[in-house]
Amino acid sequence: MILRPTHFTLLLLFFLLTPSHSLQFPMPKHKHAIKGPIKTLVVLVMENRSFDHILGWLKGTRPDIDGLTGTESNHLNASDPSSPEIFVSDDAVFVDSDPGHSIQAIREQIFGSNDTSPDPAPMNGFAQQAAGMDAPNMPKTVMSGFKPELLPVYTELANEFAVCDRWFASVPASTQPNRFYVHSATSHGASSNVRKDLIHGFPQKTIFDSLDENGLTFGIYYQNIPATMFFKSLRKLKHITKFHDYGLKFKLHAEMGLLPNYAVVEQRYFDVDLFPANDDHPSHDVAIGQRFVKDVYEVLRASPQWKEMALLITYDEHGGFYDHVPTPLSGVPNPDGIIGPDPWYFRFDRLGVRVPTFLISPWIDKGTGKKKKEQKECRFFRWMFGKKDLTALDTNCQNQLVIQAMVLKNSGKKKKEHKRHVGDVHDRTPATPLLWQGLRKLALLVTGITEFFRVRANLMETRAKMFSLALMQVIHEPTGPTPQSQFEHSSISATVKKLFNLKSNFLTKRDAWAGTFEKWFYLRDTPRDDCPGVLHRPGKMGGSGALGGRLEGSRSKSRFKILDVFTEKLPEVKTSLRPWGPKEDATLSEFQVELVQLASQLNGDHVLNTYPDIGKSMTVGEANRYVEDAIEKFLEAGRAALQAGANESAIVTMRPSLTSRTSGGEDYTYLVFVMQLGFAMLCAGSVRAKNAMNIMLTNVVDAVVGSISYFLFGFAFAFGSSSNPFIGTDFFALKDIPSSSYDYSFFLYQWAFAIAVAGITSGSIAERTQFSAYLIFSFFLTGFVYPIVAHWVWSSSGWLSPSLASSSLLFGSGAIDFAGSGVVHLVGGIAGLWGSFIEGPRVGRFDAFGKAVPMRGHNATLVVLGTFLLWFGWFGFNPGSFDKILVAYPNTTDQGNWTAVGRTAVTTTLAGSTAGIVTLFGRRLLVGHWDALDVCNGLLGGFVAITSGCSVVEPWAAIVCGFFAAWVLIGLNILAMKLQFDDPLEATQLHGGCGAWGLIFTGLFAKKEFVLQAYDSGESGIVRPYGLFLGGGWGLFGAQVVEVLVIVGWVSVTMGPLFFGLHKLRILRISRVDEVAGLDISSHGGYAYNAHPEDTGPRFYAEYVRLHAES
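FYI, the numbering for the sequence shown is -22 to -1, 1 to 1089, going by mature numbering (1 follows the signal peptide of the UniProt record, and there is no 0).
It is worth saying that the hints were derived from the structure and are not from the lab.
Built from N, CA and C at the ideal position, the CB exists for glycine as well.
Worth double-checking, as some hints may not be accurate.
List time: in silico DSS-like cross-link candidates among lysine-lysine, alpha-carbon distance up to 30 Å [as the list claims (entries may be wrong)]:
1) Lys561 <-> Lys285
2) Lys487 <-> Lys476
3) Lys229 <-> Lys216
4) Lys17 <-> Lys285
5) Lys272 <-> Lys344
6) Lys956 <-> Lys829
7) Lys227 <-> Lys285
8) Lys561 <-> Lys125
9) Lys216 <-> Lys481
Simulated restraints, written as ranges between beta carbons of each label pair [as the list claims (entries may be wrong)]:
10) Pro319 <-> Asp74: 42 to 52 Å
11) Arg834 <-> Trp1012: 36 to 46 Å
12) Ala113 <-> Glu191: 40 to 50 Å
13) Phe253 <-> Phe762: 48 to 58 Å
14) Lys13 <-> Thr707: 40 to 50 Å
I would like the entire structure built from these sequences, with the hints used as guidance.
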């Protein structure tokens, strides 16, 4: 548009006459928005090829590319110039062997020796390193590259869009560390396979987390298994729906315009007949990779999102292939201060070898040699004159002029007493003469026009420089915060932050330093409409030979065919460059083994004794089936858990799937249930013979009544899916069970715990309680009182739970009660305390002077038998709480030899044994004789105490636990006698006292590594409190004390009133006469034994009735 004087006159008149407030431009509301032209970035990371190997020979037709001239070479001995010299070649076709690309191999390739000081790097050790490998012609292989016509897809993309010829791998190491940098700007100290983090998940923050924080979307489109699942945060339930099968969803989402803001496309990593690998990893066929890239591009090109999209294609690392550009050695920051493991202790302060990278978008110009017409007007003036074709590039210009205009317009205004906001249409300035306003506005207009031409000149100068670069279509240097900034994989997360205007901080020091590429999308006013929709159009067949023709015969007779497909400018596209098909029986590469190990974590097999060898003995075909099955089951379970309302921040965990797995939860249930038999025998032997039948019947009643109450209410209150931290609200009468969270075996296991609580209480009130009272308190205790406490500590939403998100943990820790020192034993003990206290002691237990009268149990044999049955059951009670048989021992490469379950069984045994022997000698000192019953109670007291911390303490600490548990038991028994407190089985002292000590003990001696092992939340960067005496702070100890207090309080306010109410209703305690006669004869029709050991009382019920009537 040509501006004439009349236009300026009209503009001036309009400006002068318009009220001041109407020219105040409204300020946009602050909200997150993507301001640039790119709304979707798709990232595709191929495998193990260097820039020179893939694109080096493009220099013949593209001299602007820093590629190969044919004079580059390596000596077979880098330190001996007279050794044979291997020159680069363009005869790469199919690489059957995998060149070296470990950190030590790359060190030799870059420097040719152990001396890493030369700067620039000589890049002279590739042939030397390859010569040391057990593979024929490897030096020549690593020095070779592809002719452009063999990679026609890349050749056309390079001609149509942009190539970056200075993009480096982030770390001179293998695949996995470099893939971590793509999405997290760090490998968290990994320079190779770190087995512990492969299993537990790498904890660093990722670009996925930043996008989620900013309300933007991401998605991973995988084919075999998503390698991005190595990040711990991506295993959270809330991200399960972000993983999509590439074949089923990628094209569909693209066609419907549903691709997320950040889309990651992953390849097929396993080479099988039906679906050959397309990742370009040697020995995979790059022709298959070409067709994969072609498919990705064409799907995106056909998407309605194309005009707001960019595709970045790069390679994770160079794979051992030669590249002549020196690796940057200086100025590279360590991302997070972590140093790599021995023997290299790599500081992550230099980059890897250069890799090929493409930047593809309709906003990238095609290099035709013709400059576009420069824009003539700033966006501000286009907008003022009503033009609609505004570009993102003009945004800064507009904002600057608008701000200038607003500042000038409002300068000189008198301040009002109330606050005023720019853009407030009700705001008014004090009345001033019209002429003065007109002059002031004229000055504003002149200033605005002057500022416009200044900004416009700077803008045109900047765009001219960028256009001159764009015409070459080769991106040599990045935009970076320092002169030493480089393009590397961290550039992706750094660019995403700028491209999408993320408010989150940079992930690490590395992406804060890395060069970015967002400026290349601002060189055009509008997106191109001439981007090819199809990279290659089918043509006629012709040619001959392995590379130039079609091999006749059906696929059933030949495992490969070669098709000629070409365009006007490019030669044919091959379906295969290798003379054979996939080798499904081949051994796995290092990266493939890591993927199998990842799959073993997803399906739970990492807990098996065979874990360290999983993958090593698999073939490619077996591994492919294994990983695909694992990810399918993992995602299916995750989606089901989401639908069931599970905590979105939880990590999906699976049970082992291999047939060699160890026993599951059902077997532990059987062990715990055996404890009921142990309780029955122990109780029967501990009471007098005239009450033996009664006590055994009450143990049966505890189980049958507890089954009904726990089925109807208890399980729902304890584990119902609810955000309520006090009580669960789902699964009443097992409705919706099985679910994604629980199955019937889990209910059965928890039921076994619930009825154990009632059994403990029954022992405290033995020999004097009406049978109807047992029915009432057993139903109430197992159906309501105990489940509430279980919900607090053991459910994922309970307020005391150690499984909550870190921000919700009590004292940053939560209470650790692994198998129930508090939840089971302290609850049962305090319930028994109130029952015994309200009922009072048995008739004749204390004489007139308050001295205790011995009332020993009638059968020590049953007591010992019951004790050993309980000991046996405790191996299900404590180790079984892991719900798996093998947990990896942290911070060691020898995982699988140490088991948390095995350690738990050892600590259980040591604590019980120590308590037993200390009680034996302690009671010997007090009463002067050796007592089998005392030893049995001491043994059980040790078991009760260790139950809380059995999984998180060292074996030596378990001995400490048992030692003090014995003295707690002895001391409480002495105190009970002084207070005339009568508990026939010492259940209050044993389960209540030792249970409380066990909780406190855990807060003192829990080991840091074991706490993380047993209570890994899945959150990155979380440091959990551990034992106070081991330097873990007060957090855990405080949570343990709180658990003791709240359990005592809760059980007291529920069971105390219940027993008191039963007492007032006269349905709690039997009569004095019935008690003297014995409950067996008075309530159950006869004694437990035909030959009654107490001949002074009636032997049959009829005799009891007669004597009772006579009295």
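Checking each numbered hint in turn, tell me which of them this model violates, lowest number first.
1 and 10
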